[in-house]
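Undergrad: Sequence:
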Amino acid sequence: MVAWSNVRPVKSLPPLFLALLASAPACKQEAAPPPAAPEAQLATDLPAPMIDTALRMIAASDGPRAERIPGPSLGAGALVQTAAAKGGGDVRWDAEPYGAIGAARRGELLPMPDSGKDVPDLWRDPGGTWVAVGGRAEVMLVAVDLLGDRGAPVFYVALTQPWLKGKVALATPAGGASLAHFAALYQAWGADRMQAWLSQMKANDVQVLESDDAVRQAVVTGKAIVGILSSDEAAKAAASAAHVLVIYPNQRSIGTFVWPTALFRPKDAPHPEAAKRLAERLASREIEQLLVARVPGYLPLRPQIPVPPGVTSAANLVVVSVDPGRIVSEIDRRKAELTAWAESLKRRTR
Numbered sequence: 012m013v014a015w016s017n018v019r020p021v022k023s024l025p026p027l028f029l030a031l032l033a034s035a036p037a038c039k040q041e042a043a044p045p046p047a048a049p050e051a052q053l054a055t056d057l058p059a060p061m062i063d064t065a066l067r068m069i070a071a072s073d074g075p076r077a078e079r080i081p082g083p084s085l086g087a088g089a090l091v092q093t094a095a096a097k098g099g100g101d102v103r104w105d106a107e108p109y110g111a112i113g114a115a116r117r118g119e120l121l122p123m124p125d126s127g128k129d130v131p132d133l134w135r136d137p138g139g140t141w142v143a144v145g146g147r148a149e150v151m152l153v154a155v156d157l158l159g160d161r162g163a164p165v166f167y168v169a170l171t172q173p174w175l176k177g178k179v180a181l182a183t184p185a186g187g188a189s190l191a192h193f194a195a196l197y198q199a200w201g202a203d204r205m206q207a208w209l210s211q212m213k214a215n216d217v218q219v220l221e222s223d224d225a226v227r228q229a230v231v232t233g234k235a236i237v238g239i240l241s242s243d244e245a246a247k248a249a250a251s252a253a254h255v256l257v258i259y260p261n262q263r264s265i266g267t268f269v270w271p272t273a274l275f276r277p278k279d280a281p282h283p284e285a286a287k288r289l290a291e292r293l294a295s296r297e298i299e300q301l302l303v304a305r306v307p308g309y310l311p312l313r314p315q316i317p318v319p320p321g322v323t324s325a326a327n328l329v330v331v332s333v334d335p336g337r338i339v340s341e342i343d344r345r346k347a348e349l350t351a352w353a354e355s356l357k358r359r360t361r
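Under this note's numbering, the first residue of the sequence shown carries the number 12, and numbering increases by one thereafter.
Hints may be right or wrong, so weigh each one.
Under the rule of at most 20 Å between Cα atoms (straight-line distance), these lysine to aspartate or glutamate pairs were calculated in the DMTMM-like manner [as the list claims (entries may be wrong)]:
id, residue 1, residue 2
1, K357, E341
2, K247, D56
3, K287, D125
4, K287, D160
5, K278, D125
6, K357, D216
Cβ pair distances, simulated, as ranges [to be verified]:
id, residue 1, residue 2, range
7, P137, A326, 55 to 61 Å
8, E221, S251, 18 to 24 Å
9, A163, P281, 14 to 20 Å
10, G177, D224, 17 to 23 Å
11, D343, A71, 30 to 36 Å
12, E221, D156, 21 to 27 Å
13, A252, S72, 36 to 42 Å
14, S72, K176, 42 to 48 Å
15, D203, D125, 38 to 44 Å
16, R116, P60, 56 to 62 Å
17, P281, G233, 22 to 28 Å
18, E348, D160, 36 to 42 Å
Please keep in mind that the hints were generated in silico from the structure rather than gathered at the bench. Ideal Cβ positions, reconstructed from N, Cα and C, are used throughout, including at glycine.
Turn these sequences into a full structure, and let the hints guide you.
TA: If you want it as structure tokens, here you go:
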């Protein structure tokens with residue numbers, strides 16, 4: 012132990028030592044080097060925390076350094092607009108494939124990376140320009156406590172039963188994944204059966220709401236017993252205290268609709284070599300697994316990718332087997348009809 016009485020204060024140090032101390036050059040702390048400039052930009056509307064993690068992983072393992080920039084959430088309107096005008100970036104990863112399909116039709120895209128070739132054919136551009144890395148399903152969210160002694164419906168045709176009159180909710184099929192879903196049903200069922208189902212749903216006073224979020228809220232608050240909505244919104248309800256059940260519908264008939272993401276490279280990318288390397292890494296199984304693990308409600312499309320509890324891989328589902336390009340063509344034919352159907356139901360509730 013040091014005796015404080017024996018410690019000499021600084022002012023009692025010898026004058027020569029104090030002079031040397033005063034004249035000694037100050038120690039200079041070297042400034043940290045500035046971060047390396049990004050080699051490419053990724054434009055995306057997928058959740059930022061997952062994307063940032065993916066880009067750090069890629070940069071740390073000899074991949075290109077890339078930065079995330081906001082990408083627009085593209086609906087069916089992207090089919091008549093150029094990829095460059097609607098997003099920018101060297102690489103695009105969109106939550107919905109409208110932008111990629113439209114740009115591919117106009118010849119604006121470069122070939123997809125080889126690392127995406129193990130994605131099932133249903134979710135790859137037949138022309139080889141874009142590839143899906145994960146996707147979302149259209150599921151049914153059921154308020155379990157409101158079922159009474161009835162079992163949960165597992166087919167869409169069951170939603171027209173009298174006991175569900177006024178108690179089924181869905182997002183308006185005028186845009187986004189809901190529009191694509193209904194267009195896919197036209198393809199899977201045929202026009203006559205689809206129009207009959209729409210008429211039966213209208214007669215059963217289905218609630219047509221503005222968004223999947225509104226559908227989730229309707230089920231959670233008891234305003235609806237069943238909601239049709241995207242799996243990422245359903246996952247929010249399943250993670251809450253609400254007593255709900257998520258069902259992948261139509262597993263013994265046409266299957267569940269899965270709407271993929273789309274990864275692609277515009278031909279006018281400003282950094283083509285870095286973009287090619289970045290797309291190769293983003294299309295990998297590793298990144299698809301990261302997406303599924305970090306963003307609730309997203310499904311892997313490739314087989315044998317681990318999934319969190321409550322999620323089913325698309326590889327283990329019966330899915331609506333209509334390729335996205337045909338769905339988009341059906342949208343062109345059916346959008347006005349579906350919009351009119353939705354508006355007629357909204358007027359009933361005003």
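Undergrad: Now, for every hint given, state plainly whether the structure supports it.
TA: Against the structure, the hints come out as follows:
| no. | hint | result |
| --- | --- | --- |
| 1 | K357 <-> E341 | violated, 23 Å |
| 2 | K247 <-> D56 | holds, 18 Å |
| 3 | K287 <-> D125 | holds, 10 Å |
| 4 | K287 <-> D160 | violated, 56 Å |
| 5 | K278 <-> D125 | holds, 17 Å |
| 6 | K357 <-> D216 | holds, 10 Å |
| 7 | P137 <-> A326: 55 to 61 Å | violated, 20 Å |
| 8 | E221 <-> S251: 18 to 24 Å | holds, 21 Å |
| 9 | A163 <-> P281: 14 to 20 Å | violated, 51 Å |
| 10 | G177 <-> D224: 17 to 23 Å | holds, 20 Å |
| 11 | D343 <-> A71: 30 to 36 Å | violated, 44 Å |
| 12 | E221 <-> D156: 21 to 27 Å | holds, 25 Å |
| 13 | A252 <-> S72: 36 to 42 Å | holds, 40 Å |
| 14 | S72 <-> K176: 42 to 48 Å | violated, 56 Å |
| 15 | D203 <-> D125: 38 to 44 Å | holds, 43 Å |
| 16 | R116 <-> P60: 56 to 62 Å | violated, 33 Å |
| 17 | P281 <-> G233: 22 to 28 Å | violated, 52 Å |
| 18 | E348 <-> D160: 36 to 42 Å | holds, 38 Å |
In terms of the numbered hints stated before, the structure departs from hints 1, 4, 7, 9, 11, 14, 16 and 17, listed from lowest to highest.
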